[in-house]
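Number of protein chains: 2
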Amino acid sequence: MKAVRFSTFGHPLKVTELVEEPDAALKPGEARLEVLATPINPSDVLTLTGQYGQLPKLPATPGNEGVGRVVEVKDSTAVRVGDLVFLPLGAGTWRTHLTAPAEALMPLPPGTDVQQASMMFVNPPTADIMLRQFVTLQPGDWVLQNAANSAVGRYVITLAKLAGYKTVNVVRREELAAELTALGADAVLVDAENLPERVREVTGGAKVRLAFDAVGGDSTMRLGDSLATGGVVVNYGGMSGKAPKLSTAATIFKDITLRGFWLVLWMKRTPREEQRALFTRLAGLIANGTLKTAVEGTFALEDIKDALARAMEGGRGGKVLLTPNGKV
Amino acid sequence: MKAVRFSTFGHPLKVTELVEEPDAALKPGEARLEVLATPINPSDVLTLTGQYGQLPKLPATPGNEGVGRVVEVKDSTAVRVGDLVFLPLGAGTWRTHLTAPAEALMPLPPGTDVQQASMMFVNPPTADIMLRQFVTLQPGDWVLQNAANSAVGRYVITLAKLAGYKTVNVVRREELAAELTALGADAVLVDAENLPERVREVTGGAKVRLAFDAVGGDSTMRLGDSLATGGVVVNYGGMSGKAPKLSTAATIFKDITLRGFWLVLWMKRTPREEQRALFTRLAGLIANGTLKTAVEGTFALEDIKDALARAMEGGRGGKVLLTPNGKV
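Chains as they are written, first to last, in the numbering used here: chain H, 5 to 332; chain V, 5 to 332.
A portion of the hints provided could be inaccurate.
Each pair may be met inside one copy or between any two copies, as identical chains are not told apart.
[What the hints assert, rightly or not] When the alpha-carbon atoms are kept at most 27 Å apart in a straight line, the in silico DSS-like pairs for lysine-lysine are as follows:
1) LYS6 with LYS296
2) LYS258 with LYS246
3) LYS296 with LYS165
4) LYS61 with LYS211
5) LYS272 with LYS258
6) LYS272 with LYS211
7) LYS258 with LYS61
8) LYS296 with LYS309
9) LYS18 with LYS6
10) LYS211 with LYS18
11) LYS309 with LYS211
12) LYS18 with LYS31
FYI, nobody ran anything at the bench for these hints, they're computed from the structure.
Sequences and hints are given; from them, build the entire structure.
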């Protein structure tokens with residue numbers, strides 16, 4: 005089997021290589037999976053550069069989620085050859101094959117789109133939990149977010165709509181408005197100095213109490229300045245490379261709070277049953293086509309450097325997927 | 005009587021003037037007070053420049069707190085001529101005399117230092133509430149703060165010590181260390197890039213979960229980077245003029261929160277009995293000499309511009325007080 009591997013932290017294009025590894029013999033109760041689709045997430049890039057919040061012992065294979073097909077099972081009836089399953093979380097998924105305990109595998113609901121399912125464990129729960137954890141919203145309430153065209157941003161639009169919340173979506177490129185509106189966005193604004201004023205306009209002066217920030221710097225501050233007294237800005241990414249900040253007028257006079265969200269911490273703190281319930285619910289929404297995000301392109305493992313280069317570019321149209329066993 | 009007045013927002017030295025006003029006739033139940041001492045707080049300067057969170061209708065007289073002596077009472081036995089009382093909060097206290105309902109006046113505990121009492125209502129409650137509202141501390145826990153030589157900073161040192169908490173105090177000038185240590189500071193550090201590392205050293209690697217920030221910008225970020233997972237940075241001032249920020253490593257990977265604190269909002273949200281209990285407790289601590297802060301100098305109303313200039317300077321040794329009826 006083949007796997008992407010890195011032995012030092014550094015620029016992703018420089019530190020990654022494709023290596024041949026011997027197939028591991030199955031132990032009783034284990035299944036062998038062929039990896040069908042596995043995405044390149046921002047957290048993978050940050051892991052390669054050594055900037056992520058938890059780093060693997062090196063050498064390591066990147067990749068945290070995806071979908072596989074069972075190709076071999078030893079002494080277990082939990083899954084059968086041919087079954088489509090979610091890859092175990094954090095398994096180092098950028099490889100052609102991996103082995104896992106059959107009992108722990110979660111099957112895809114019948115008819116699920118494999119590409120969409122391969123992106124289920126990182127971004128959809130981030131969007132879903134951020135919508136529920138920080139502020140108790142009621143139907144009709146507004147949510148504000150920047151990086152609205154990101155994978156998380158798009159899931160936020162869909163999940164908010166499903167719950168009856170309205171969204172103001174901040175983007176850098178005007179031409180995204182039509183696409184996000186079609187997805188369910190109630191308002192799309194291009195980020196600019198006058199954002200707080202524009203938010204007031206499009207929401208009719210509603211008290212917006214929750215904002216999501218994946219950009220940092222002044223963009224975070226403009227979100228904070230757009231919120232009503234007592235509002236919360238949740239930072240979950242740093243696309244600008246700048247530290248998220250709030251104006252003192254927001255922190256002091258309007259009691260605006262800046263929080264952070266990291267799914268890894270949430271999983272450490274949340275009982276397994278609650279996690280499983282969340283993933284089952286999201287799997288259902290992906291299976292019935294409610295939750296979906298755009299795919300920029302699929303790449304073979306051999307083209308890992310092209311795939312990484314694309315994943316690290318701005319102005320993408322969607323997520324970059326690796327398809328180590330051919331197109332899916 | 006004389007009063008400081010301003011009719012437009014702008015530079016404090018330019019917009020303030022001293023004016024003569026007719027003495028108001030007392031209504032039944034009212035008392036006339038001569039103002040003995042009233043401080044120039046940062047919030048007063050921000051009110052004059054128009055940058056504060058709530059602004060008066062102009063023209064207005066600045067000043068929010070102080071101590072007065074009763075010089076006349078009409079049809080009330082609530083106070084007597086000669087009594088020392090706290091001035092009503094937010095009364096526009098930079099004047100020689102003011103009138104107030106006698107029933108609402110809070111007397112100074114006997115033997116209280118008038119200068120210290122005149123500074124009781126803004127900074128001591130800020131320090132006290134910030135120590136209790138955001139993180140539940142236990143004796144032995146550490147608190148981190150910048151601007152440690154400010155009035156609030158010094159009250160934090162004293163109130164923390166009283167509660168059994170330890171303080172790491174960040175300052176800009178090394179020479180303040182001895183003075184703050186004498187006041188009860190457990191550690192004093194000069195602000196610098198390596199602050200997180202220095203905090204670890206002086207606390208023996210303790211999990212610090214609460215920090216107070218009156219500076220903003222990178223200084224806020226260094227406080228955040230010094231805290232343990234789940235910690236809270238409370239911003240209550242912006243001495244640097246820069247927006248408070250956190251690193252994405254702090255927000256996302258360590259769940260650090262940036263909050264703000266404003267006494268005005270606290271008073272709006274807190275039942276009157278609870279407020280009164282707090283002020284009574286603080287008045288006791290000021291009366292017995294436990295709580296005190298340094299005074300840079302006292303100024304007559306006629307010298308309001310000199311007083312404001314001094315209050316707006318860096319590197320002061322303490323608070324600037326107005327003493328409209330002569331030295332106290």
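Hints and how they fare:
no. : hint               : in the structure
1   : LYS6 with LYS296   : neither (29 Å within a copy, 70 Å between copies)
2   : LYS258 with LYS246 : both (23 Å within a copy, 17 Å between copies)
3   : LYS296 with LYS165 : within (13 Å within a copy, 55 Å between copies)
4   : LYS61 with LYS211  : between (46 Å within a copy, 25 Å between copies)
5   : LYS272 with LYS258 : between (32 Å within a copy, 13 Å between copies)
6   : LYS272 with LYS211 : between (33 Å within a copy, 19 Å between copies)
7   : LYS258 with LYS61  : between (44 Å within a copy, 20 Å between copies)
8   : LYS296 with LYS309 : within (26 Å within a copy, 64 Å between copies)
9   : LYS18 with LYS6    : within (18 Å within a copy, 75 Å between copies)
10  : LYS211 with LYS18  : neither (48 Å within a copy, 37 Å between copies)
11  : LYS309 with LYS211 : neither (46 Å within a copy, 41 Å between copies)
12  : LYS18 with LYS31   : neither (35 Å within a copy, 83 Å between copies)
Checked against the numbered hints given earlier, the structure breaks hints 1, 10, 11 and 12 and satisfies all the rest.
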